[in-house]
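Kindly generate the complete structure, drawing on both the sequences and the hints.
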Amino acid sequence: EAQVTQNPRYLITVTGKKLTVTCSQNMNHEYMSWYRQDPGLGLRQIYYSMNVEVTDKGDVPEGYKVSRKEKRNFPLILESPSPNQTSLYFCASSPQPNREKLFFGSGTQLSVL
Amino acid sequence: QKEVEQNSGPLSVPEGAIASLNCTYSDRVSQSFFWYRQYSGKSPELIMSIYSNGDKEDGRFTAQLNKASQYVSLLIRDSQPSDSATYLCAVIQGGGSYIPTFGRGTSLIVHP
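Here the protein sequences line up with chains A and B, keeping their order.
So the first sequence is numbered by our numbering: it starts at 988 and just counts up by one.
So the second sequence is numbered by our numbering: it starts at -19 and just counts up by one.
Simulated from the structure, these hints should not be mistaken for laboratory data.
Every residue, glycine too, gets a C-beta built ideally from N, C-alpha and C.
Among the hints, a few may not be true.
Claimed, not checked - Cross-link-like lysine to aspartate or glutamate pairs, in silico, EDC-like; alpha carbons within 16 Å at most:
#, chain 1, residue 1, chain 2, residue 2
1, A, Lys1056, A, Asp1043
2, A, Lys1004, A, Asp1046
3, A, Lys1004, A, Glu988
4, B, Lys22, A, Asp1025
5, B, Lys47, B, Glu(-15)
6, A, Lys1088, B, Glu25
Said to hold, decoys possible - Chain B regions said to be covered by chain A (calculated; three or more residues, Cβ under 8 Å):
#, region
7, -1 to 10
8, 25 to 32
Below is the structure:
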């Protein structure tokens, strides 16, 4: 089954404790991205990647890191989480984002205390 | 800054009515337009895509695009309670961008 898999689904952590949210897709998509969604603010892009070893900042990259060492995986790293990073995070992939739909993961609800 | 604007709502319509959702965008050379539906706590799912001026119909859904007015809309005919969700407009801006920019979404409530 074609899918984007995100883990974990829920995560509660404390300020400053490094964490990684994993994202994997099995559709051989070149484009992958991370979004955060906050009430009243919609989906805002954090980082995206057009291919292996190619990443670029989105609209809200501060406090986040990503890597794209393999085509299927695109982890999101928070090196020192802060409470303002409490949010719902989505990973997405697409074969061609300007003409094809985005396939979204099921989301990760992160709470930073 | 390139922007995609949507009325946050909620838009409330009775069952069986037509729901009209609107989206405006700032970049005149935007090229691709998408409507996603998102149920509470779930991930967005694509409903419609439209690339050229005019109407595009798919079942109960019609997307309308007017590039001169920088306006894209989604009509839902015979609205059902199951259509109650947040509808996100996404736009591929111009300048060689391949990255969709999302509006903040419109909450739709269809009451029986």
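Now for the hints, and whether the structure bears them out:
no.	hint	result
1	Lys1056/A with Asp1043/A	holds, 14 Å
2	Lys1004/A with Asp1046/A	violated, 24 Å
3	Lys1004/A with Glu988/A	violated, 34 Å
4	Lys22/B with Asp1025/A	holds, 13 Å
5	Lys47/B with Glu(-15)/B	holds, 15 Å
6	Lys1088/A with Glu25/B	holds, 9 Å
7	-1 to 10	violated (count 0)
8	25 to 32	holds (count 4)
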